[in-house]
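Could you put the whole structure together from the sequences, leaning on the hints where they help?
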Amino acid sequence: MLKTISQLISPMLLKTLAEMGHGDEIIFADAHFPAHSLGPQVIRADGQSVSALLAAVIPLFELDSYAEPLVMMAPVAGDSLEASVEARYRQALSGEGDCPAIARIDRFAFYDRARSAFAIVVTGETAKYGNILLKKGVTPLA
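Position one of the sequence shown corresponds to residue 6 (the working numbering), numbered consecutively onward.
Below are the EDC-like pairs computed for lysine to aspartate or glutamate, each with C-alpha atoms no more than 20 Å apart in a straight line:
(1) LYS133 with ASP84
(2) LYS141 with GLU24
(3) LYS141 with ASP29
(4) LYS141 with GLU67
It is worth saying that the hints were derived from the structure and are not from the lab.
These figures come from a predicted structure and were not determined experimentally.
Here it is, written out as C-alpha coordinates:
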(Lines of atoms letter the chains of each structure in order from A; the text may use other names.)
(Lines give C-alpha, C1' and ligand atoms only; values in the text may rest on other atoms or scores of the structure.)
Protein backbone atom coordinates (compact mmCIF):
# COMPACT_ATOMS: atom_id res chain seq x y z
CA MET A 6 0.00 0.00 0.00
CA LEU A 7 1.10 3.55 -0.71
CA LYS A 8 -0.07 6.65 1.10
CA THR A 9 -2.57 8.86 -0.77
CA ILE A 10 -3.05 6.27 -3.54
CA SER A 11 -6.45 4.61 -3.55
CA GLN A 12 -6.54 0.90 -2.80
CA LEU A 13 -8.69 0.58 -5.93
CA ILE A 14 -5.61 1.25 -8.06
CA SER A 15 -3.76 -2.02 -8.53
CA PRO A 16 0.02 -2.09 -8.91
CA MET A 17 -0.44 -2.90 -12.62
CA LEU A 18 -2.79 0.05 -13.15
CA LEU A 19 -0.44 2.41 -11.28
CA LYS A 20 2.51 1.23 -13.41
CA THR A 21 0.47 1.66 -16.59
CA LEU A 22 -0.62 5.20 -15.67
CA ALA A 23 3.02 6.12 -14.95
CA GLU A 24 4.24 4.68 -18.27
CA MET A 25 1.68 6.56 -20.37
CA GLY A 26 2.84 9.67 -22.22
CA HIS A 27 1.09 12.78 -23.52
CA GLY A 28 -1.64 11.80 -25.96
CA ASP A 29 -1.78 8.16 -24.89
CA GLU A 30 -5.28 6.84 -24.26
CA ILE A 31 -6.68 4.44 -21.69
CA ILE A 32 -10.13 2.87 -21.75
CA PHE A 33 -12.14 2.16 -18.61
CA ALA A 34 -14.50 -0.48 -19.96
CA ASP A 35 -17.65 -2.13 -18.73
CA ALA A 36 -17.76 -5.85 -17.99
CA HIS A 37 -19.16 -6.65 -21.47
CA PHE A 38 -16.45 -4.87 -23.47
CA PRO A 39 -14.45 -7.13 -25.87
CA ALA A 40 -11.09 -5.95 -24.48
CA HIS A 41 -9.06 -9.12 -24.93
CA SER A 42 -9.87 -9.39 -28.63
CA LEU A 43 -8.88 -5.80 -29.44
CA GLY A 44 -5.13 -6.09 -28.84
CA PRO A 45 -3.86 -3.61 -26.25
CA GLN A 46 -2.72 -4.50 -22.75
CA VAL A 47 -5.72 -5.49 -20.60
CA ILE A 48 -5.87 -4.80 -16.88
CA ARG A 49 -8.58 -6.50 -14.84
CA ALA A 50 -10.49 -4.54 -12.21
CA ASP A 51 -13.34 -6.98 -11.72
CA GLY A 52 -15.88 -5.92 -9.14
CA GLN A 53 -15.02 -2.22 -9.42
CA SER A 54 -17.30 0.37 -10.99
CA VAL A 55 -15.93 2.70 -13.63
CA SER A 56 -16.96 5.75 -11.58
CA ALA A 57 -15.06 4.53 -8.49
CA LEU A 58 -11.93 3.91 -10.58
CA LEU A 59 -12.22 7.29 -12.29
CA ALA A 60 -12.45 9.03 -8.91
CA ALA A 61 -9.35 7.12 -7.74
CA VAL A 62 -7.32 7.77 -10.92
CA ILE A 63 -8.14 11.41 -11.70
CA PRO A 64 -6.02 12.91 -8.86
CA LEU A 65 -3.01 11.18 -10.46
CA PHE A 66 -3.85 11.72 -14.12
CA GLU A 67 -3.67 14.95 -16.12
CA LEU A 68 -6.25 15.08 -18.91
CA ASP A 69 -5.16 16.37 -22.31
CA SER A 70 -5.87 20.07 -22.80
CA TYR A 71 -5.10 20.08 -26.56
CA ALA A 72 -7.61 17.46 -27.72
CA GLU A 73 -10.90 16.00 -26.49
CA PRO A 74 -9.73 14.18 -23.35
CA LEU A 75 -12.93 12.23 -22.65
CA VAL A 76 -14.84 10.05 -25.11
CA MET A 77 -17.75 7.68 -24.60
CA MET A 78 -19.59 5.34 -26.92
CA ALA A 79 -22.72 6.75 -28.59
CA PRO A 80 -25.82 4.57 -28.59
CA VAL A 81 -26.61 2.41 -31.59
CA ALA A 82 -29.51 3.76 -33.69
CA GLY A 83 -32.78 2.95 -31.96
CA ASP A 84 -31.08 2.42 -28.59
CA SER A 85 -31.04 4.85 -25.69
CA LEU A 86 -28.60 6.01 -23.04
CA GLU A 87 -29.12 6.04 -19.32
CA ALA A 88 -28.24 9.66 -18.44
CA SER A 89 -27.14 8.71 -14.93
CA VAL A 90 -24.09 6.83 -16.29
CA GLU A 91 -22.45 9.93 -17.79
CA ALA A 92 -23.55 11.96 -14.75
CA ARG A 93 -21.75 9.50 -12.42
CA TYR A 94 -18.61 9.65 -14.56
CA ARG A 95 -18.66 13.44 -14.74
CA GLN A 96 -19.01 13.67 -10.97
CA ALA A 97 -16.14 11.20 -10.43
CA LEU A 98 -13.91 13.13 -12.86
CA SER A 99 -14.70 16.60 -11.54
CA GLY A 100 -12.63 16.09 -8.38
CA GLU A 101 -11.73 19.62 -7.35
CA GLY A 102 -12.85 21.37 -10.53
CA ASP A 103 -15.01 21.19 -13.60
CA CYS A 104 -15.17 18.11 -15.79
CA PRO A 105 -14.39 18.71 -19.47
CA ALA A 106 -17.07 17.88 -22.01
CA ILE A 107 -17.48 14.22 -22.87
CA ALA A 108 -17.55 13.54 -26.61
CA ARG A 109 -19.54 10.64 -28.06
CA ILE A 110 -18.47 8.49 -31.00
CA ASP A 111 -20.17 5.50 -32.58
CA ARG A 112 -19.54 1.97 -31.37
CA PHE A 113 -17.15 0.89 -34.11
CA ALA A 114 -15.15 4.13 -33.97
CA PHE A 115 -14.83 3.55 -30.23
CA TYR A 116 -13.56 0.01 -30.87
CA ASP A 117 -11.00 1.43 -33.33
CA ARG A 118 -9.77 3.87 -30.68
CA ALA A 119 -9.60 1.01 -28.18
CA ARG A 120 -7.41 -1.02 -30.57
CA SER A 121 -4.80 1.73 -30.47
CA ALA A 122 -5.19 2.57 -26.78
CA PHE A 123 -2.28 2.19 -24.40
CA ALA A 124 -4.39 -0.08 -22.20
CA ILE A 125 -7.92 -1.21 -21.49
CA VAL A 126 -9.12 -1.57 -17.91
CA VAL A 127 -11.98 -4.08 -17.70
CA THR A 128 -14.19 -3.31 -14.71
CA GLY A 129 -17.26 -4.83 -13.13
CA GLU A 130 -19.40 -1.99 -14.52
CA THR A 131 -22.70 -3.32 -15.86
CA ALA A 132 -24.22 -0.08 -17.16
CA LYS A 133 -25.04 -0.13 -20.86
CA TYR A 134 -22.56 2.06 -22.83
CA GLY A 135 -20.47 2.27 -19.66
CA ASN A 136 -17.11 2.66 -21.45
CA ILE A 137 -15.01 5.82 -21.33
CA LEU A 138 -11.69 6.79 -22.92
CA LEU A 139 -9.27 9.16 -21.17
CA LYS A 140 -6.50 10.92 -23.13
CA LYS A 141 -3.45 11.78 -21.02
CA GLY A 142 -2.12 15.31 -20.97
CA VAL A 143 1.11 16.94 -19.83
CA THR A 144 1.57 16.95 -16.07
CA PRO A 145 2.28 20.52 -14.95
CA LEU A 146 5.49 21.28 -13.11
CA ALA A 147 5.15 21.69 -9.36
